[in-house]
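Chemist: Here is what each chain is made of, one letter per residue.
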Amino acid sequence: MMRLLNICVIAALIVAAVYVYKIKFESTRKAEQVARLRLDIRREHDAMAELRAQWSKLDAPVRIQELARRHLTLRMIESRQFDQLDNLPERPPDLVPPDSPDPIGNLLESRDVPTGSIAAPRDGAAPRDGAAPRDGVASRNGK
Amino acid sequence: MTAIDTTHDLAPEPAATATKVSTELSTGLSWRRSLVRTLLYGRNVDRAGKTKARLGLAILVFALGYSVIAGRLIMFAVLPDSHMGRRGSTQDAVATARPDLLDRFGEILATDVRAPSLFAEPNRIIDVDEATELLSAVLPDLDAVELRERLASKRHFVWLKRDITPKQRAEIYRLGLPGIGFLPENKRVYPNGAEASHLVGHVNIDNQGIAGIEKWIDNRGLADLHRAGFGIDREQEPIRLGVDLRVQHALHDELIAARDKFKADAAAGIVLDVRSGEIVSMVSVPDYNPNNPREALEPSRINRLTTGVYEMGSTFKALTIAMALDSGKVTLNSSFDARGSLHYGHFNITDYHAQNRVLTVPEIFTYSSNIGAAKIALNQGVENHKAFLSKVGQLDRLRTELPESAEPIVPRQWGELNTVTIAYGHGLSVAPLQSVMGVAAIVNGGYLIPPTFLKRSPAEARAIARRVVKPETSSAMRYLMRLNAEKGTATKADVNGFYVGGKTGTAEKVINGHYSKHRLMTDFMAVLPADDPHFLVLIMLDEPQPTAETHGFATSGWNAAPVTARVITRIAPLLGLEPRFDLPTADRLILAAAKEAR
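Protein chains in written order, with the working numbering: chain A, 1 to 143; chain B, 1 to 598.
Because the hints were derived from the structure by calculation, they are not lab data.
From the three backbone atoms N, C-alpha and C, an ideal C-beta is built for every residue, glycine too.
Treat the hints with care, as some may be off.
Unchecked claim - The calculated EDC-like cross-link candidates involving lysine to aspartate or glutamate, where the alpha carbons are at most 20 Å apart (straight line), are:
(1) B:K167 / A:D83
(2) B:K509 / B:E460
(3) B:K263 / B:D253
(4) A:K57 / B:D163
(5) B:K386 / B:E416
(6) B:K329 / B:E363
(7) B:K391 / B:E407
(8) B:K187 / A:E50
(9) B:K509 / B:E407
(10) B:K261 / B:E543
(11) B:K187 / A:E44
(12) A:K57 / B:E107
(13) B:K187 / A:D46
(14) B:K167 / A:E50
(15) A:K57 / B:D253
Said to hold, decoys possible - Across the chosen pairs, the derived CB separations fall in these ranges:
(16) A:K24 / B:A137: 46 to 52 Å
(17) B:H514 / A:R52: 30 to 36 Å
(18) A:M76 / B:R588: 27 to 33 Å
(19) A:N106 / B:N496: 54 to 60 Å
Unchecked claim - Just so you have them, the derived chain A footprint on chain B, three or more residues with Cβ under 8 Å:
(20) 111-121
(21) 246-254
(22) 339-353
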């Protein structure tokens, strides 16, 4: 009886020891993983900070201005080029009824198809002066 | 030895005598045993007692051992992170991190990047000459003699070079020198270079703030945090400033252009939000690149707006007239005799745009009449004048977040003559930021708001604001400033669409104790829009030279005012101001509206 009990206890002891060892091993591994992840996070943070610093250097107004000056023909904006939304002209009426089965056909049939090109001067009227092609913003007072 | 030998001899005995009679065996054995015992332990020893003591000792040793193990286990359980977690970050110990500085829209003004630094442990270096030679091959800018000295010293730790490139790091690593190592350090970078230098300030090699907002951060307790060993992590709340980087750039760009154009010694500008007291932009050129802080040591590169004090010239007339209007003794229809010149002691005060007639208050303002302003101030009395200037913060040192500030130079004996000259901005030197604060209080409805470099809402500003003039005075002053842009000295600053109001100021600089006619300090104070002010712009030029374009003039209306116009054209859209056209004139828009409100 005693012997059986002893064997049981020893067996339990071995099992417990193995289990504790396993937990210990696992926890060490987890801790290492945590440390590694922390390091990774820190590295990522550093990399992010560096990229952000680089980005803001590339995005610095002084650099953008210099690039624009060198490669583009843009001019400084003037206060006349701003306008309010209220002054936007009404949307032109639809050339084609919205539920038409053949919109392209309808377009071809209709007379004045709007194009992007500047209209030829009608009745000998000169084209609008000073309408530089770049002045995309229509100005109320320019008309 | 003996014991082992005896047992060895004994070993075959039982086998050999196994067949002998048992009695013989027992007597023979006991004799031998007693012999062994005597040889092993000596005579007359209590073996049982000794065994007990030994067992006790063994139990004690094992108990101690296990209790130590148990104790450690408990420690691990209670402090789960103390060991493994921190191991990765011990390297951070020298790398003090600082919070990022952002502009009002979150653009980066200053940030930390990680850069390796090279150090040596001289006591572990084997061959100093070899190390010196190899290192100076990789880092040619390192002084070889000094390097050798450092490596040959008996110290345990020396920095060799802070902030090396990753490439250099890899090369040095490949040299395989013992006693040479790297530590990652935080390095402060300013992506926008010189643009916000005076505002942001800079740090020293150990990442401690030594100027500007950087120093303010340290004074706020970051330095203590670092000394205590905390604050080494990157996770610090970034500090958001009130400055707008785009406006800052535009102002910087225009001021550099203006300084070149008028060959001025220096140019400076401020954009202040008069509703919240935020400084949206502040530039003083020449400035320096905070990435190279050595430049900051040159005295010509000081921040003229907070560190310098100047006689502001005619912009002070705005304060003089505001005082008079606020007292109620003077109205916009009052008139003062501005004929001839005003003699005071050995001073002879004349007008630059002399009219030689009786001028009304608006005329005094638009012709910028010194005599008129002096008479208005005299009419108020010395004490009232002094009290008013003190109330609008012109006589005390203005403290902002920036550590740099200057005490205004106030005359010790304030007599009538002082009042006369101070009325038109001579004889009292103030920091330009201070005068901006004063004028802002006069145009924004009468609230004196201490300016700040941090982000602040108008509501917060209202809570700390102090009323210094009546709202009616404020609207009258706005009318005067707008009128000045419509038909006074400030016409060149009137940007179509933004309803600018303004006041010019030209001060003669004191050279060898005398006012010089040719070395001028010009400034321009613009309020936009004048009917409902949101921003105040100050542009200042130090010793601008006359050019062909200005017909030989060097006064404010010819240089500071057009520069202001250029600045406003650029920054107004950025500040979110909508251009409005075909607005009525000042008397109808501002004065009539103010009357209706009453």
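Chemist: Look at each hint and say if it fits the structure.
Modeler: Verification of the hints:
{"no.": "1", "hint": "B:K167 / A:D83", "in the structure": "violated, 53 Å"}
{"no.": "2", "hint": "B:K509 / B:E460", "in the structure": "violated, 39 Å"}
{"no.": "3", "hint": "B:K263 / B:D253", "in the structure": "holds, 15 Å"}
{"no.": "4", "hint": "A:K57 / B:D163", "in the structure": "holds, 19 Å"}
{"no.": "5", "hint": "B:K386 / B:E416", "in the structure": "holds, 11 Å"}
{"no.": "6", "hint": "B:K329 / B:E363", "in the structure": "holds, 18 Å"}
{"no.": "7", "hint": "B:K391 / B:E407", "in the structure": "holds, 16 Å"}
{"no.": "8", "hint": "B:K187 / A:E50", "in the structure": "holds, 10 Å"}
{"no.": "9", "hint": "B:K509 / B:E407", "in the structure": "holds, 18 Å"}
{"no.": "10", "hint": "B:K261 / B:E543", "in the structure": "holds, 12 Å"}
{"no.": "11", "hint": "B:K187 / A:E44", "in the structure": "holds, 17 Å"}
{"no.": "12", "hint": "A:K57 / B:E107", "in the structure": "holds, 10 Å"}
{"no.": "13", "hint": "B:K187 / A:D46", "in the structure": "holds, 11 Å"}
{"no.": "14", "hint": "B:K167 / A:E50", "in the structure": "holds, 16 Å"}
{"no.": "15", "hint": "A:K57 / B:D253", "in the structure": "holds, 17 Å"}
{"no.": "16", "hint": "A:K24 / B:A137: 46 to 52 Å", "in the structure": "holds, 49 Å"}
{"no.": "17", "hint": "B:H514 / A:R52: 30 to 36 Å", "in the structure": "violated, 54 Å"}
{"no.": "18", "hint": "A:M76 / B:R588: 27 to 33 Å", "in the structure": "holds, 31 Å"}
{"no.": "19", "hint": "A:N106 / B:N496: 54 to 60 Å", "in the structure": "violated, 46 Å"}
{"no.": "20", "hint": "111-121", "in the structure": "holds (count 4)"}
{"no.": "21", "hint": "246-254", "in the structure": "holds (count 5)"}
{"no.": "22", "hint": "339-353", "in the structure": "violated (count 0)"}
The structure fails hints 1, 2, 17, 19, 22 (numbered hints given earlier, in ascending order).
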